[in-house]
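> Next come the chains, spelled out residue by residue.
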Amino acid sequence: MDLANFFIQLLNSVQYGLLLFLLAAGLTLIFGIMGVVNLAHGAFYMLGAYMAYALTAAWGNLALAIAVGTLLSVLFGWLLEKILFRHFYHRSHLDQVLLTFGLIYIFEELRSMLWGDDVHNVAIPAALDWSIKLTDNLSYPAYRLFMLAMCAALALALWFMISKTKLGMKIRAGAFNSDMAQSLGINIVRLHSLVFAMGLALAALGGMLISPLSSVYPYMGAQVLIMCFVVVVIGGIGSVRGALTAALLVGLVDTFGKVLLPQFASMLVYVLMALVLLYKPEGLFKQ
Amino acid sequence: MTKALLEAKQLSKRFGGLLAVNDVSLSLYKDQLHAVIGPNGAGKTTLTHLLSGDIPATSGELWLKGQAVKGWAHHRLSLEGLGRSYQKTNVFLPLTVWENLMLAAQAKDALAPFNPLSWLGRADSKPSVVARAERALVLAGLSASKNSAAAILSHGIQRQLEIAMVLATEPVVLLLDEPLAGMGAAEADTMVQLLHTLKKDHALLLVEHDMDAVFALADVLTVMVNGTVIASGTPEAIRSDPKVQAAYLGEAPA
Amino acid sequence: MSTPQGHLETLPSSVQILMGLGLIALLTFPFVGQDFYIQMVTRMMILAIFAMSLDLLQGITGLVSLGHAAYFGLAGYVLAFLSPADAPASWLITLPLAILGSALVALVIGFFVVRTQGIYFIMVTMAFAQMVYFLFFDNKVLGGSDGLYINVRPAGGGLDFENKQVLYFFTLACLVLTYFFLRRLLWSPFGRTLNGIRLNEHRTQALGYSSFHYKLTAFTLAGALAGMAGYLWAAQSGYVNPELMGFHMSAHAIMMVILGGMGNVAGALLGAFGFELFMHFFKDLPKVGEFDLGKHWQLWMGSLIVLVVIIAPHGLMGLLRPKGADHD
Numbered sequence: 001m002d003l004a005n006f007f008i009q010l011l012n013s014v015q016y017g018l019l020l021f022l023l024a025a026g027l028t029l030i031f032g033i034m035g036v037v038n039l040a041h042g043a044f045y046m047l048g049a050y051m052a053y054a055l056t057a058a059w060g061n062l063a064l065a066i067a068v069g070t071l072l073s074v075l076f077g078w079l080l081e082k083i084l085f086r087h088f089y090h091r092s093h094l095d096q097v098l099l100t101f102g103l104i105y106i107f108e109e110l111r112s113m114l115w116g117d118d119v120h121n122v123a124i125p126a127a128l129d130w131s132i133k134l135t136d137n138l139s140y141p142a143y144r145l146f147m148l149a150m151c152a153a154l155a156l157a158l159w160f161m162i163s164k165t166k167l168g169m170k171i172r173a174g175a176f177n178s179d180m181a182q183s184l185g186i187n188i189v190r191l192h193s194l195v196f197a198m199g200l201a202l203a204a205l206g207g208m209l210i211s212p213l214s215s216v217y218p219y220m221g222a223q224v225l226i227m228c229f230v231v232v233v234i235g236g237i238g239s240v241r242g243a244l245t246a247a248l249l250v251g252l253v254d255t256f257g258k259v260l261l262p263q264f265a266s267m268l269v270y271v272l273m274a275l276v277l278l279y280k281p282e283g284l285f286k287q
Numbered sequence: 288m289t290k291a292l293l294e295a296k297q298l299s300k301r302f303g304g305l306l307a308v309n310d311v312s313l314s315l316y317k318d319q320l321h322a323v324i325g326p327n328g329a330g331k332t333t334l335t336h337l338l339s340g341d342i343p344a345t346s347g348e349l350w351l352k353g354q355a356v357k358g359w360a361h362h363r364l365s366l367e368g369l370g371r372s373y374q375k376t377n378v379f380l381p382l383t384v385w386e387n388l389m390l391a392a393q394a395k396d397a398l399a400p401f402n403p404l405s406w407l408g409r410a411d412s413k414p415s416v417v418a419r420a421e422r423a424l425v426l427a428g429l430s431a432s433k434n435s436a437a438a439i440l441s442h443g444i445q446r447q448l449e450i451a452m453v454l455a456t457e458p459v460v461l462l463l464d465e466p467l468a469g470m471g472a473a474e475a476d477t478m479v480q481l482l483h484t485l486k487k488d489h490a491l492l493l494v495e496h497d498m499d500a501v502f503a504l505a506d507v508l509t510v511m512v513n514g515t516v517i518a519s520g521t522p523e524a525i526r527s528d529p530k531v532q533a534a535y536l537g538e539a540p541a
Numbered sequence: 542m543s544t545p546q547g548h549l550e551t552l553p554s555s556v557q558i559l560m561g562l563g564l565i566a567l568l569t570f571p572f573v574g575q576d577f578y579i580q581m582v583t584r585m586m587i588l589a590i591f592a593m594s595l596d597l598l599q600g601i602t603g604l605v606s607l608g609h610a611a612y613f614g615l616a617g618y619v620l621a622f623l624s625p626a627d628a629p630a631s632w633l634i635t636l637p638l639a640i641l642g643s644a645l646v647a648l649v650i651g652f653f654v655v656r657t658q659g660i661y662f663i664m665v666t667m668a669f670a671q672m673v674y675f676l677f678f679d680n681k682v683l684g685g686s687d688g689l690y691i692n693v694r695p696a697g698g699g700l701d702f703e704n705k706q707v708l709y710f711f712t713l714a715c716l717v718l719t720y721f722f723l724r725r726l727l728w729s730p731f732g733r734t735l736n737g738i739r740l741n742e743h744r745t746q747a748l749g750y751s752s753f754h755y756k757l758t759a760f761t762l763a764g765a766l767a768g769m770a771g772y773l774w775a776a777q778s779g780y781v782n783p784e785l786m787g788f789h790m791s792a793h794a795i796m797m798v799i800l801g802g803m804g805n806v807a808g809a810l811l812g813a814f815g816f817e818l819f820m821h822f823f824k825d826l827p828k829v830g831e832f833d834l835g836k837h838w839q840l841w842m843g844s845l846i847v848l849v850v851i852i853a854p855h856g857l858m859g860l861l862r863p864k865g866a867d868h869d
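Protein chains in written order, with the working numbering: chain G, 1 to 287; chain A, 288 to 541; chain H, 542 to 869.
Chain G with its partners taken away, still in its complex shape (with noise of 0.2 Å):
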């Protein structure tokens, strides 16, 4: 592999890893304070990407689509928390499964009936759909550049808000403790939901973002679904530190495993798992 393919590879290693911390962040966060299995994450992905298809098909606008879509995840899920959620938090994790379970069904379901079965595609703005070219028969496309300093700027923002602000403070006391956490004045009803609508807005935010380049389709969050949980295994529940490392650590062995080992690429990851289980089984960052 040469140099400029190989710089490619980890261009997307990292595009693909934070991806993967945008909704890994929300699941840790959502297990770790709330204490719920959470499947429907993944059909949370799945409705941003199909709001994006949608909002861009009526407006034009991708970025209007975001920015829109985004506020309504946020209202979404401040909803679903409070309606659903909030009434399972001390329920059996087998009830939490199936409870979600149902959802995935249900979300699916109204998926289908507003909006068919086949795959979408959602246009590049225009503004972003160039490349730039790194060798003579080599480019990188500008959209994926976009993508990746997106994310990179939401991590950013995340790890800003949860090691720097009194809201991150409560945040980590909340995933290191929840009763603790609510006998030090902490209001743990507004934080609950406060983190769940954060949550499902970031899954939903990283489908609409990669909605151009994957299109849309039938079941899609089932598949970054496995690789959240196996993030969020790796780096331990209730630590955003750990997801993103796990994140990146995932983006790296999965990207370059399908590079270098396509026939075992699948499994590359879930080896680094099994590896991680063995030594630490609670994660690498375990609250």
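No lab work stands behind these hints, which were simulated from the structure alone.
Note that the Cβ used here is the ideal one computed from N, Cα and C, for glycine as well.
A few of these clues could be false.
Derived coverage of chain H by chain G (criterion: at least 3 residues anywhere in the stretch with Cβ under 8 Å from a Cβ of chain G; other residues may be distant) [as the list claims (entries may be wrong)]: (1) 676-685; (2) 787-797; (3) 832-840.
Fit chains A and H to the given chain G structure using the hints.
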């Protein structure tokens, strides 16, 4: 001097910046009850966890029946004869008293899980297991509650079941963490009688706040404050130790 | 935390009678039913074995696995690999090998997975099953996404599975064997320990049991039994593909066990039959105006399951339990 059944040397446990147990040594001998007392947060329960293998020690040594057992998992220690009861009742609530005891009694000579014979035999019919459970039932005075679900028992009876379960594993060393917790006077008396009977042929460690019970039962007392042992000796010596009086007992009892 | 456990480990007499009648019905059915229905009931029996194998893991031991189908599908693939292109494979050789294959993979995966707790366990069982799925999906040499065909159904020992009635009774025998084996296991020392692990793993360890080894054994056994079911599925359908190992199949198993009621083996059996019947019912729903109710059967199934979890946490078995029954 007979050999100690359980011997701990300089056990310490550190949780991040907190030194919960600091350099504690003690020995447990057969036919003897060794009480550990101290104010809340003194590290008594953590010490019990270290002795039972529930949590690993940061440093120090531990011997059971002359064998070095530091780092052993608590199920292994249990099979070697180290039994432990919990401060917070830790029984199988949906099961009856008898079912609880049978599960405990079964452990000692259980076949390996991957042995097909253990999948096909009947759990309730092995004579040695039934006998063991029956002995524990009678010893703990639970015959009347044999077929009652643990969940519906009164607090006092549950605490008796808590002890009975340990007895059913027929340990030689017993670590008892606040067995009298939450008990009324009559129930406490029954428990003290039981503990007195248990002293024979066992080495007992008793963590307790009930001073009447402690002084009625203890042959040796160790006093802990903030993770450290401040005094250790006979009840009389402890009672009159000025350090202990200052730290814990307040005025000397009349 | 509340748990939707069935239990009722001692089956009420109403259930025992129901099971007895069911067995009689199953024994006489092939003599009165049409070929299509014989196949349908065979399928139900296969899924019942699959569901019971999951009950061992989930209902008895308390381990929620989202990847149980991996062992189901793998056994089918073993049969596919061992079946010659134009002759029947011997079931006397291939069935034990398939079960062994599933058991071995369950043992290896279990070794990693059983050391995790709670949420982690759920996620890693799903992840490892996906790994197996992708191994087959991505590799043409293993059949790829198209799967593999079993051109001639197995035979041997005087039995020929091409004969639908023969396969039916063979499956019924496997079903009865599995049922009685698991019922026996439930009351065995091993089963009691698994129950203890489910109720209070910490105390079970404190009593002297190495819960890791017990859980690993349960995981492997459950995998082996799922393998038996998977083999029969492949033998019946003559075709295997990665979906048999996929998430939907695993979820299917969980739903069957939940619907019936967990922890007593009989519930899983009832749940499997009940699930298939409900599924056929929903699929056959008519169109109401523009809306094709039958097409969206998954929505109704999913909602039914959520409903069962919320209002009937002990599943169908819970409805059959006499009032004021045991201490669960």
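> Next, verify each hint and record whether it holds.
Status of each hint after checking the structure:
no. : hint    : in the structure
1   : 676-685 : holds (count 4)
2   : 787-797 : holds (count 4)
3   : 832-840 : holds (count 3)
In this structure, every one of the numbered hints holds.
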